[in-house]
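Student: Okay, here's what each chain looks like letter by letter:
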Amino acid sequence: MHIVACIKQVPDPSQARIDRETGLVIREGVDKIINPYDLHALEEALRIKEAKGGKVTVLSMGPASAEQVLRDAVAMGADQGVLLSHRQFAGADTLATSYTLARAVAKLENVDLVICGKQAVDGDTAQVGPGMAAKLNMPHITQVRKIRELTEDKLVAEKLTDRGYEVVEVPLPAVITVVKELNEPRIPGLRGMMRAKKAEIPVWGPEDIEAEEDRFGLKGSPTQVWRTFEPERQRKGEMLEGTPSEQAAALWQRLKAL
Amino acid sequence: MEIRLRADNCTICGVCEEACPYDAITMAAEGPEFNEECTVCGGCVEACPTEAIYITGRETSPQPQPKDTAGDVWVFAEQRDGELLDVVFELLGEGRRLASDLGMSLGCLLLGDDVDHLAQELIEFGADRVYVGNAPELKHYRDDLYAQVLEHAVRQHRPAILLIGGTSNGRSLAPRVAAGLETGLTADCTGFALDEDGNLLQTRPAFGGNLMATIRCPHHRPQMATVRPKVFPKPDRQAGRKGQVIALELPTFEPWQRILEVIEDADTGPNLAEADIVVAGGRGLGSPENFRLVEELASLLGAAVGASRSVVDAGWVSYAHQVGQTGRTVAPRIYIACGISGAIQHIVGMQSSDIIVAINSDPDAPIFSIATYGIVGKVEEVLPALIREIRGSSS
Ligand SMILES: Cc1cc2nc3c(=O)[nH]c(=O)nc-3n(C[C@H](O)[C@H](O)[C@H](O)COP(=O)(O)OP(=O)(O)OC[C@H]3O[C@@H](n4cnc5c(N)ncnc54)[C@H](O)[C@@H]3O)c2cc1C
Ligand SMILES: Nc1ncnc2c1ncn2[C@@H]1O[C@H](COP(=O)(O)O)[C@@H](O)[C@H]1O
Chain C
1 MHIVACIKQV PDPSQARIDR ETGLVIREGV DKIINPYDLH ALEEALRIKE AKGGKVTVLS
61 MGPASAEQVL RDAVAMGADQ GVLLSHRQFA GADTLATSYT LARAVAKLEN VDLVICGKQA
121 VDGDTAQVGP GMAAKLNMPH ITQVRKIREL TEDKLVAEKL TDRGYEVVEV PLPAVITVVK
181 ELNEPRIPGL RGMMRAKKAE IPVWGPEDIE AEEDRFGLKG SPTQVWRTFE PERQRKGEML
241 EGTPSEQAAA LWQRLKAL
Chain F
1 MEIRLRADNC TICGVCEEAC PYDAITMAAE GPEFNEECTV CGGCVEACPT EAIYITGRET
61 SPQPQPKDTA GDVWVFAEQR DGELLDVVFE LLGEGRRLAS DLGMSLGCLL LGDDVDHLAQ
121 ELIEFGADRV YVGNAPELKH YRDDLYAQVL EHAVRQHRPA ILLIGGTSNG RSLAPRVAAG
181 LETGLTADCT GFALDEDGNL LQTRPAFGGN LMATIRCPHH RPQMATVRPK VFPKPDRQAG
241 RKGQVIALEL PTFEPWQRIL EVIEDADTGP NLAEADIVVA GGRGLGSPEN FRLVEELASL
301 LGAAVGASRS VVDAGWVSYA HQVGQTGRTV APRIYIACGI SGAIQHIVGM QSSDIIVAIN
361 SDPDAPIFSI ATYGIVGKVE EVLPALIREI RGSSS
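The listed protein sequences correspond, in order, to chains C and F. Per my numbering, residue 1 is the first one in the first sequence, and the count goes up by one each step. Per my numbering, residue 1 is the first one in the second sequence, and the count goes up by one each step.
Zero decoy hints are in this set.
If you want a taste of the chain C side facing chain F, the calculated C-beta under 8 Å gives, among others:
id : residue
1  : 98
2  : 131
3  : 143
4  : 161
5  : 167
6  : 222
7  : 223
8  : 227
9  : 228
10 : 240
11 : 248
12 : 254
Pairs of lysine-lysine residues, derived as PhoX-like cross-links and limited to a Cα-Cα distance of at most 25 Å, are as follows:
id : chain 1 : residue 1 : chain 2 : residue 2
13 : C       : 55        : C       : 180
14 : C       : 180       : C       : 154
15 : F       : 378       : C       : 256
16 : F       : 378       : C       : 236
17 : C       : 154       : C       : 55
18 : C       : 49        : C       : 154
19 : C       : 55        : C       : 107
20 : F       : 139       : C       : 154
Since the hints were made in silico from the structure, they are not lab data. Ideal Cβ placement from N, Cα and C applies to all residues, glycine included.
Based on the provided sequences and hints, a complete structural model is requested.
Tutor: In structure tokens:
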């Protein structure tokens with residue numbers, strides 16, 4: 001079984017601090033990590049490989065620095081990593097990203113299952129998984145919390161819904177996106193880290209994946225950021241002064257009156 | 001795709017030049033010439049009396065047709081077990097406003113098995129036309145079939161805008177449809193406006209920063225967006241409002257998914273979305289132990305417990321409690337934010353609450369700018385005092 005895990009490099013959300021003056025995220029000194037959901041995607045891919053044999057390929061699109069997350073994935077046990085990196089891939093929205101990743105999966109050949117995280121914590125769109133599935137003409141299941149059954153040609157999984165969960169069956173090849181409940185990602189061992197250090201991470205550009213002109217990067221992105229602005233904020237409320245007890249009393253008086 | 005000419009058939013009659021909605025054709029001595037304005041819309045192909053014009057290349061997706069005035073504003077009407085979700089009405093309210101500003105009709109796409117009876121409800125909440133797709137296979141939501149029907153319907157009717165509720169189903173369906181149609185999709189929008197060309201301006205919290213971004217999709221149609229439940233108010237129902245109900249032509253299904261079981265958890269967690277009062281805690285509580293103060297206040301008030309993403313990530317409470325862009329959107333009568341800074345990603349999930357109370361030790365915390373009542377103070381002092389106060393007044 002050939003499983004592909006798509007992993008994205010993101011700024012560590014636990015270190016995110018906001019500059020009070022500008023309202024912007026302070027990027028300096030913030031580590032880049034594997035998108036937390038994608039760790040679960042990779043872990044599941046590794047577990048499937050351990051149970052059924054086969055290989056795991058990790059794919060990431062991003063700047064040259066994203067090579068690090070692929071090495072981390074190899075340290076965890078992935079067989080190979082491929083970095084999609086090129087000047088012209090920059091500025092991709094979710095459609096262009098879906099297209100580019102889908103082209104790379106097509107290039108990898110004989111892929112049985114593509115696993116993505118539920119969403120990337122920097123943009124939170126959750127659009128790339130289903131978008132890739134559409135581009136690959138494969139079925140997809142989002143928010144998978146458990147794989148119940150996996151054979152050569154089908155997958156049965158529990159999909160988280162707003163009200164509970166559903167058990168869904170799809171034929172392979174397929175794309176799934178996963179939530180954190182699915183598994184507990186492993187910590188890389190020393191051997192894995194050695195292997196990762198030596199691993200070769202090929203870098204692919206538009207030609208390597210035979211991408212059509214105008215379908216990747218900024219050019220292939222139908223959505224454009226038109227402007228950004230600071231949300232309007234004016235103090236319109238009433239500040240309750242005094243000691244904590246006085247404040248509490250003043251508040252309760254107002255709430256009680258509602 | 002490309003427009004080609006069968007020169008032998010062409011009589012140089014000029015019908016195509018007139019038919020072209022884009023002024024992309026000029027008549028030359030040998031027949032029509034197509035300039036770069038051509039969107040391969042096929043208008044000339046249909047108009048040509050001698051079949052001299054044809055389209056080559058593989059059929060991909062609808063070409064961008066921003067100037068195509070035929071488009072409507074559409075809302076996807078998600079139903080579960082024959083009942084429409086509230087987010088559909090909320091979107092109809094917003095869609096109605098956009099459609100009127102654009103001089104378009106408001107269409108609704110309703111899929112299910114035997115769901116015609118829901119059409120009138122949609123009309124009374126603002127829809128002008130309801131396209132209904134009935135089939136046993138569509139009874140329960142399925143990504144593959146619903147996406148196929150939506151794509152087919154869009155290709156046929158070419159709406160200008162397509163809004164989809166950001167439910168778990170909507171967030172799975174919308175990106176599949178958008179990718180199939182090769183158009184843009186903006187997730188979790190919190191506001192819409194129009195630019196002077198009639199493009200949809202879609203506003204959402206910007207990646208990472210405490211910023212909002214307005215996104216446009218100027219060259220592709222439909223312009224697609226998802227919106228979380230409770231972001232827009234539910235409009236009033238206009239009993240007896242009239243509209244059209246149209247049977248949707250369904251494509252041949254290519255089924256992939258089989259839904260083997262549907263389990264509705266008895267324990268759906270805190271009923272945040274419906275609660276009248278929400279008491280929410282953030283990192284300012286300092287420790288998971290102090291979070292119990294939030295829970296105590298909530299139980300005293302009969303309120304649901306909410307949380308910021310920071311404390312959910314820290315494992316103090318489960319994800320089901322998270323309020324904000326990535327969590328739930330709530331709009332209770334009273335929202336009490338304890339030790340929450342008020343990052344934009346949190347605010348978008350609770351700003352429509354009627355009364356917002358903020359308790360924070362930092363007088364400059366952004367949460368105060370949206371608070372109805374603000375208390376500058378330490379949560380570990382104010383919350384116990386408030387709890388005592390409430391207990392005292394009820395005894
Ligand atoms: C793409 C994306 C999506 C996101 N989605 C969400 C989301 O859905 N929901 C969400 O909540 N966040 C979300 N976030 C995170 C968000 O940006 C903030 O990081 C988060 O809301 C901050 O949580 P907080 O207010 O609890 O913590 P902090 O920002 O650390 O604020 C703590 C506050 O407590 C105050 N405080 C400290 N000590 C005390 C005390 N003793 N007494 C009283 N007050 C005290 C401080 O002054 C401060 O204002 C998202 C971020 C990104 C990038
Ligand atoms: N640049 C990327 N490289 C690799 N995988 C990605 C990339 N962007 C998104 N993904 C995958 O798609 C998932 C959803 O991302 P998003 O739609 O951006 O929220 C992520 O969890 C990843 O698995």
